[in-house]
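**Q** Read top to bottom, the protein sequences are chains G and X.
No gaps in the numbering here: position 182 of the first sequence is 182 in the working numbering, and each next residue is one more.
In short: position in the second sequence from 1, add 852, done, that's the working numbering.
FYI, nobody ran anything at the bench for these hints, they're computed from the structure.
A couple of the hints might just be wrong.
[What the hints assert, rightly or not] Listed next, the in silico DSBU-like pairs over lysine-lysine satisfying Cα-Cα at most 35 Å (straight line):
no., chain 1, residue 1, chain 2, residue 2
1, G, Lys162, G, Lys113
2, X, Lys997, G, Lys482
3, G, Lys482, X, Lys1101
4, G, Lys414, X, Lys997
5, G, Lys215, G, Lys263
6, G, Lys113, G, Lys559
7, X, Lys1097, G, Lys482
8, X, Lys947, G, Lys482
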Amino acid sequence: MLRATLKSLLSRKLRLVLSGLAVVLGVMFVSGAFVLTDTMGRSFDSLFSSVYQGIDVNVTQKPKVGGDQDVGPSQQGNIPAATLDKVRAVPGVASVTGDATADGARVIGKNGKVVTTFGPPRLGGNWVGTSDLLQLREGRAPAADNEIVVNVTTAKSAGGLKVGDDVGVLTLQPGKKVFKLVGIFGYSGDRDSLGGSLEVLFTTPVAQELMLGEKDVYSGINVTAAAGVTNEKLRDDVAAALGGEAGGFQVKTGKQLTDETTKSFREGLAFFNNVLIGFAGVALFVGTFLILNTFSIIVAQRTRELALMRALGGSRGQTLGSVIIEAVAIGLIASVLGLAAGVGVGVLLAWVFGNVSGVALASVGVPAAAVISAFVVGLLVTVVAAVLPALRASRIPPIAALQEVATPDRPLTKLTVSGALIGAAGGTMLGLGLAGQGDNTLWLILGGVLVSFIGVALLTPLLARPVVSLLGRLFSWSVPGKLGRLNSGRNPRRTAITAAALMVGLALITGVNVILASAKQSLSSQASTQVTVDLIISGDGDDNGPAKFDPAVMDAAAKLPGVSSAASEYWDFAQVDGNGTGISATPDMAAYASMFKLTATEGTLQWTGPDQAVIDTENAKKRNLTLGSTMTMQFTRGEPHQVKIVGLYQRSDVMGGTIVSGDVVKDYRSAQPSWGYLRVSDGASVDAIQKQVDQLLVDNPEVSVANRAEYVDAQSAQFDQLLVMIQVLLALAILIAVLGIVNTLALSVLERTRELGLLRAIGMRRAQTMRMVTVEAVVISTFGALLGLAVGTGLGAAVVRALKDDGFTKLAFPWSQMATYLLLAALVGVIAAVLPSIRASRVNVLQAISHD
Amino acid sequence: MTASVATRTEVAAKAVDVWKIYGTGEAQVHALGGVSVELEKGHFTAIMGPSGSGKSTLMHCLAGLDAVSRGEVYIGDSKITGLSDRGLTNLRRTKVGFIFQQFNLLPTLTAEENILLPLSISGRKPDQAWFDTVIETVGLRDRLKHRPSQLSGGQQQRVACARALVSRPEVIFADEPTGNLDSRSGAEVLSFLRNSVRDFGQTIVMVTHDPNAASYADRVIFLADGHIVDELHAPTADAVLDRLKRLDKAV
């Protein structure tokens, strides 16, 4: 039996290749993701251990704010210089170095723009001399306050800085500062940077002032141990000398630092890995449809062969087994190929990543997870998809071997009922997930989407008949078109599954599209109805928050003739009553409130003294706060503030939450505003004022001024990027769906060889034959696209509805994009038909019609 | 339905020293070994012979379905040997009709659509009067809207005959048209073919192994081992059977 199975498998290479390819692609995605993240992970491990090389023990102030997930990077407090002496006095200490480094030293490149990175920090610190790690490549160390050195990557990214150049640097203090570049440094192992970080090193006093905001303080203390003293012993001794936990210091060994950084980075990587695997899951889900279809067709075609085996004494179990073995064989081969391809893709992507980021790549390895997941996924998907066809095969009676009759079209009732039930279950899960709150929401939504897809897929055969015949009428003006249309309606199950595979990918893309279009529309309608700002100063941000600019610009802008009102907004991470959150502050609440049409429901929207705040009624209620309550706020620097609520306001779609008085920003990480809002008086030209503000921003290259429409467009542009990314990641699922169409067509052509021969015998031309097959493909693909658009619109609309309270006030449909998808789907049909139609047109008339 | 007398002596199709050789070297098989034959217009010709005699091959070559190894084939006055696929398609559209043993109709189309298929494929309009005549003759008036699966084997084959007739080809090639039918349905189809020759002057070439079917023809050609070995005019079933027996002995 096994040999017979394998032989019949080999005799159908085409089907093997096509259905196997779907699994190969899916497995490739999965194992590629594992190889990529593994290689990246190990590259960063070695990077981090080299960053902390030469540090035996490190002392930092316990962060006042942050360090938890909601707040982003921890904000180190400053250590007074006197602490260094305390550490130096600890027995077993060989040397002590004060480090004055912070993220946020931004070099202005030769093109006048701020040099950016894809994630790595832009560090500004103090020069403490060369070491085993740090080597001066050119020039000398900074000696005067107007001198800096930068690492090689910074010099290159800034457009080729040379020793002797004047370089503008933005720091955490307001305004651009110009320094003389006196040296360029690199790292051991001929590295230009550590993981792509940009570094600027000043003299210690300058670094302290510009990066830490105070004189004679450090961000950290690095200690080396004397011979014979273990790092752990030294750590405990230093900690004890500094007063232990209560002293407010964190004392760690270099190894601990490496491990902690590595761990948090690995968590980030794992998330990235999960996202990739999620998209691979979609591709594999689609692949399941393709395999299911292929096996159904194979079983249908082998009915007589399988029945003959039964007649010759084969058992039901053997029949079942023979189909499952075939699936296992395909799954195994596909897993091996997919794994190999995945390793290739993973290595390629890691290489690209290494080149972009400047991280030295670790040697490529194939993690066990990649191998295990490749085989588990490949085998599981194939076998699961083959179970139903295998069961059907096992029910073939021996008598079928003797009958010529084609398997009758079974009624769709059972399928439709189960489809409706499953669809309803999926819809319910989705609804619960969207409405609900808590940890399971995401899983409920994802599960709901998945189950809904299966439900809709089961319903498609029922829809296939009317929709396909309707669609086909578009092509019925020619005889080949009509025949193609009839052919596509001939096997509603097959057409439906093929189309459903395309539906999945398109539904997801359309759903995301509807959500993003609705977000855009909501944003622009809110901007026009709920905001009275004419010009906005803002910029992109990084891990530390939005870009900032010199507050002097706001003062100057407010004085421009034609500007009737100006308000600025500062932003930083803070602990509010013990919870980490981002917090906004503005010096002029009255102006700010009028910009956003906020009105007081209680109290006043105006500052009457320091340490005041306003809050929206909803948040106040949620947190049990009333007019006059106080909140304890700890900002990055300084002591906690007791902030008193002086006003409550009704939240709008664009504005909600707590806003604090401007006096607190001195304790912000950087006392510079992130947004500036200007209103122009009637009769003054917005354009003219925009140009003048632009001039004021010359030394603040990270931010720019935009009018309201430009601002909304810029915000929307982020949505477009997201959409492009999702489309790229879902392209694989679409590609597999296209393979499915090719597969279905190829099999149809094979099955209808005699019919094709007959048509050619009575005068059909090759071109007409090709057109017939093409119409069949286009009908299937547009049917799938229509399903996808419908389901996706439904999904998107459901999500938008559920997010109504979170600012999604408008439901918008991206009609033009949807039309584009439909057209693309038709095009996809044409492309999918190329090979099968060529095959159909080459049918040998004589062989097709001669009876055996 | 007249004027057939004047064309009686014209040739509808002919083969001139046609060879059909399969394989090379040792394994070479001569399916046809220099066959020359003329098929008169308005005649019903049957080609007979034992299995492997080359009768089907001869018909395929005459119909342009199979290329000859040597020699020439004509339909009417035009030589079809060496025509391109496009030329052959045009030939099939205008000059040749087919009736096969099985897989004769498209299951997705109604009987009427099947009958009109050759015309609609080549974008021609049916002649309504002729269509009506054909339908009356085959007796399918009340079955036109049915699909093949709703028709009996005999009815399906009559639809196929009507389809071959409706485009008024110079020759209709029928390959074992009664092979899959019971004797009553077979007789119906054969008389129908016979009548269309008699009444409409249609030329029909039929391959069969059934002496009874051959007795409906005007002329029977006997093939053996790729050669024409005998022929009969105005045959009876017994006469055909008799010749076949003699052939079997001779082989």
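**Q** Next, verify each hint and record whether it holds.
**A** Results of checking the hints against the structure:
1. Distance check on the hinted pair: lysine 162/G and lysine 113/G sit about 17 Å apart at the alpha-carbon level, within 35 Å; holds.
2. With a C-alpha separation of about 17 Å, the suggested pair lysine 997/X and lysine 482/G falls inside the 35 Å cut-off, and the hint holds.
3. Pair hint lysine 482/G plus lysine 1101/X does not hold up; C-alpha atoms about 53 Å apart against a cutoff of 35 Å.
4. With a C-alpha separation of about 31 Å, the suggested pair lysine 414/G and lysine 997/X falls inside the 35 Å cut-off, and the hint holds.
5. Taken as a hint, the lysine 215/G and lysine 263/G pair is honoured in the structure, with Cα atoms around 34 Å apart against an allowance of 35 Å.
6. This hinted pair checks out: lysine 113/G and lysine 559/G have alpha carbons roughly 27 Å apart, not beyond 35 Å.
7. A distance of roughly 50 Å separates the Cα atoms of lysine 1097/X and lysine 482/G; the hinted pair therefore is violated under the 35 Å criterion.
8. The straight-line distance between the Cα atoms of lysine 947/X and lysine 482/G is roughly 25 Å, inside the 35 Å bound, and the hint therefore holds.
Going through the hint list in order, the structure does not satisfy hints 3, 7.
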